[in-house]
Amino acid sequence: MIYTIDILGTIAFAISGTLIALEKRMDLFGVLIIASVTAVGGGAIRDVIIGNTPISCLKDVSYTYTIISSSILTIVFKSKINYLRKSLFLFDTIGIGLYTLIGIEKAIEVNLHPIIAIAIGTISASFGGVIRDILCNEIPVIFRKEIYATACILGGISYFILSFYNLDRMLIFIISGSIIITARLIAVKFKISLPSLYKS
Amino acid sequence: MIYTIDILGTIAFAISGTLIALEKRMDLFGVLIIASVTAVGGGAIRDVIIGNTPISCLKDVSYTYTIISSSILTIVFKSKINYLRKSLFLFDTIGIGLYTLIGIEKAIEVNLHPIIAIAIGTISASFGGVIRDILCNEIPVIFRKEIYATACILGGISYFILSFYNLDRMLIFIISGSIIITARLIAVKFKISLPSLYKS
Amino acid sequence: MIYTIDILGTIAFAISGTLIALEKRMDLFGVLIIASVTAVGGGAIRDVIIGNTPISCLKDVSYTYTIISSSILTIVFKSKINYLRKSLFLFDTIGIGLYTLIGIEKAIEVNLHPIIAIAIGTISASFGGVIRDILCNEIPVIFRKEIYATACILGGISYFILSFYNLDRMLIFIISGSIIITARLIAVKFKISLPSLYKS
Numbered sequence: 001m002i003y004t005i006d007i008l009g010t011i012a013f014a015i016s017g018t019l020i021a022l023e024k025r026m027d028l029f030g031v032l033i034i035a036s037v038t039a040v041g042g043g044a045i046r047d048v049i050i051g052n053t054p055i056s057c058l059k060d061v062s063y064t065y066t067i068i069s070s071s072i073l074t075i076v077f078k079s080k081i082n083y084l085r086k087s088l089f090l091f092d093t094i095g096i097g098l099y100t101l102i103g104i105e106k107a108i109e110v111n112l113h114p115i116i117a118i119a120i121g122t123i124s125a126s127f128g129g130v131i132r133d134i135l136c137n138e139i140p141v142i143f144r145k146e147i148y149a150t151a152c153i154l155g156g157i158s159y160f161i162l163s164f165y166n167l168d169r170m171l172i173f174i175i176s177g178s179i180i181i182t183a184r185l186i187a188v189k190f191k192i193s194l195p196s197l198y199k200s
Numbered sequence: 001m002i003y004t005i006d007i008l009g010t011i012a013f014a015i016s017g018t019l020i021a022l023e024k025r026m027d028l029f030g031v032l033i034i035a036s037v038t039a040v041g042g043g044a045i046r047d048v049i050i051g052n053t054p055i056s057c058l059k060d061v062s063y064t065y066t067i068i069s070s071s072i073l074t075i076v077f078k079s080k081i082n083y084l085r086k087s088l089f090l091f092d093t094i095g096i097g098l099y100t101l102i103g104i105e106k107a108i109e110v111n112l113h114p115i116i117a118i119a120i121g122t123i124s125a126s127f128g129g130v131i132r133d134i135l136c137n138e139i140p141v142i143f144r145k146e147i148y149a150t151a152c153i154l155g156g157i158s159y160f161i162l163s164f165y166n167l168d169r170m171l172i173f174i175i176s177g178s179i180i181i182t183a184r185l186i187a188v189k190f191k192i193s194l195p196s197l198y199k200s
Numbered sequence: 001m002i003y004t005i006d007i008l009g010t011i012a013f014a015i016s017g018t019l020i021a022l023e024k025r026m027d028l029f030g031v032l033i034i035a036s037v038t039a040v041g042g043g044a045i046r047d048v049i050i051g052n053t054p055i056s057c058l059k060d061v062s063y064t065y066t067i068i069s070s071s072i073l074t075i076v077f078k079s080k081i082n083y084l085r086k087s088l089f090l091f092d093t094i095g096i097g098l099y100t101l102i103g104i105e106k107a108i109e110v111n112l113h114p115i116i117a118i119a120i121g122t123i124s125a126s127f128g129g130v131i132r133d134i135l136c137n138e139i140p141v142i143f144r145k146e147i148y149a150t151a152c153i154l155g156g157i158s159y160f161i162l163s164f165y166n167l168d169r170m171l172i173f174i175i176s177g178s179i180i181i182t183a184r185l186i187a188v189k190f191k192i193s194l195p196s197l198y199k200s
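Residue numbers (my numbering), protein chains in the order written: chain A, 1 to 200; chain B, 1 to 200; chain C, 1 to 200.
Check each hint, because a few of them may be wrong.
Identical copies carry no separate label here, and so any pair may be met within one copy or between two of them.
To be verified - Only pairs whose alpha carbons sit at most 30 Å apart, straight line, appear in this in silico DSSO-like list of lysine-lysine:
hint	residue 1	residue 2
1	K80	K145
2	K145	K106
3	K59	K80
4	K86	K189
5	K189	K59
6	K106	K80
7	K106	K78
8	K59	K191
9	K191	K78
10	K106	K24
11	K78	K145
Rather than coming from a laboratory, the hints here were simulated on the basis of the structure.
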């Protein structure tokens, strides 16, 4: 089940990367690169800084197939993609929940402190978008208009609280994943975001 | 011979980085950094993601000497560099061929899938330029106007086809390297590039 | 004592990152990320390229506490921060000296050539600011208006000269650290910087 969620998240991330690259008038090569970094960039940074190499996305070629096919289908059916908007948003949100938790577990495996582990989980879920924005020469959108980092952090905290009570791993995953997903859905529905700290 | 090609490629990459940094009105330190990342950045990303650390360019100080001297000579003889344009383009193209194949072999050494290996070869050859463009605050030129990624991918495919027939390693290197070089020379001569996917 | 200097340097770097992120109208999450990369980004690149993983800043959670509290205090007392300008500049300069020397020693530990070690020391001290500027969509200021790279390089060279005479490690640290600090203070006082290589 985790694998299915992972692939659905990869599809959602790859499609979002493709759409942004198309807006920037990139060619096929550029689009595929942007789709790839959006999909696997967060996990890549996580693996590189904790020393988990070769990084995970290189070890399983199905990510490559998923990204290339999602990206090409998006290019071909670009005008129709709007119909999938809601499903994609859902996949994206579920993906974020999963990547946060996987990031936290990988950090725990190398004996890092819970606070560091939550930071690494958040990085895993959000830095694909950061690299995408940098390659597109934009200030990362997540730094200006908080979209989901707070949700990841909330989920991360619940992960550690639940672990403290020695609950079953799958149960912890489901509860803290649901917290991340719910927090983000609520934030988007009610247009809640962190305030800009700029005072003019 | 491979070592000579490697150094010639490094010179060509360092000079191209220097010229772009000069246009951006950087000082000596900035110019040297841009020259270095252009020359060794692709291989650095390759080594970091496959876990080959300390990364290769740190292990052999001759790259540093080559980059610093190429860069300083370019600054001093800037007005004359145009006479070398054709040779530099040739070194650059041969370098790309070599870096692609070295990248593929390093990926195979850590047991990665052929498709992943070709991606890593292409990254080795092209991401020096990507980092250069990001540090210069530009959208990477390679994402908009395909220059050589397709050539790298063609060469990578031939590498694996030839390996399948158990040919001699040096022969495989020469044939697939020549394919990369020829593909790029033809593309530049006839101004072939991937079409932008943007439809206005 | 080294640990104290390290923390003071981290505070100075985190505050400088926070101030720049505030100018870019980022939200709290963006500000914390920029503060963190400014403070630990140089050391992170150093650790990643020499293969020292998990990277050091993940292993000691006190950096995280230091960065978060420095950043939040800066946000709250933003209008008062100007009174600390001189102390911050001093902490920053001392931090640069320390990070250069620590970078050099980590490079020596993995048997890298002195010239490479000096380059890694300089990267440790200066690339936090480079990543900060890239995330803020600016050409890194250090590439245009040399602030301290030359000081780091001078200090690195003295480190190796002194090591050649087998002096005590702490003495070498103090002398070459002082050279870096003095060189930077003089450069700033007399507004010395590398000339732009651009000729219009």
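Evaluation of the provided hints:
1. K80 to K145: Classified as both: same-chain Cα gap 27 Å, cross-chain 27 Å, threshold 30 Å.
2. K145 to K106: Result: close within a single copy only, 28 Å intra versus 38 Å inter.
3. K59 to K80: Neither: 33 Å inside a chain and 47 Å across chains, both beyond 30 Å.
4. K86 to K189: within (12 Å within a copy, 46 Å between copies)
5. K189 to K59: neither (37 Å within a copy, 38 Å between copies)
6. K106 to K80: This pair counts as neither: shortest intra-copy Cα distance 38 Å, inter-copy 41 Å.
7. K106 to K78: neither (36 Å within a copy, 37 Å between copies)
8. K59 to K191: neither (38 Å within a copy, 36 Å between copies)
9. K191 to K78: both (27 Å within a copy, 28 Å between copies)
10. K106 to K24: neither (34 Å within a copy, 33 Å between copies)
11. K78 to K145: Both: 26 Å inside a copy, 21 Å across copies.
Violated hints, listed in ascending order, are 3, 5, 6, 7, 8 and 10; each of the other numbered hints is respected by the structure.
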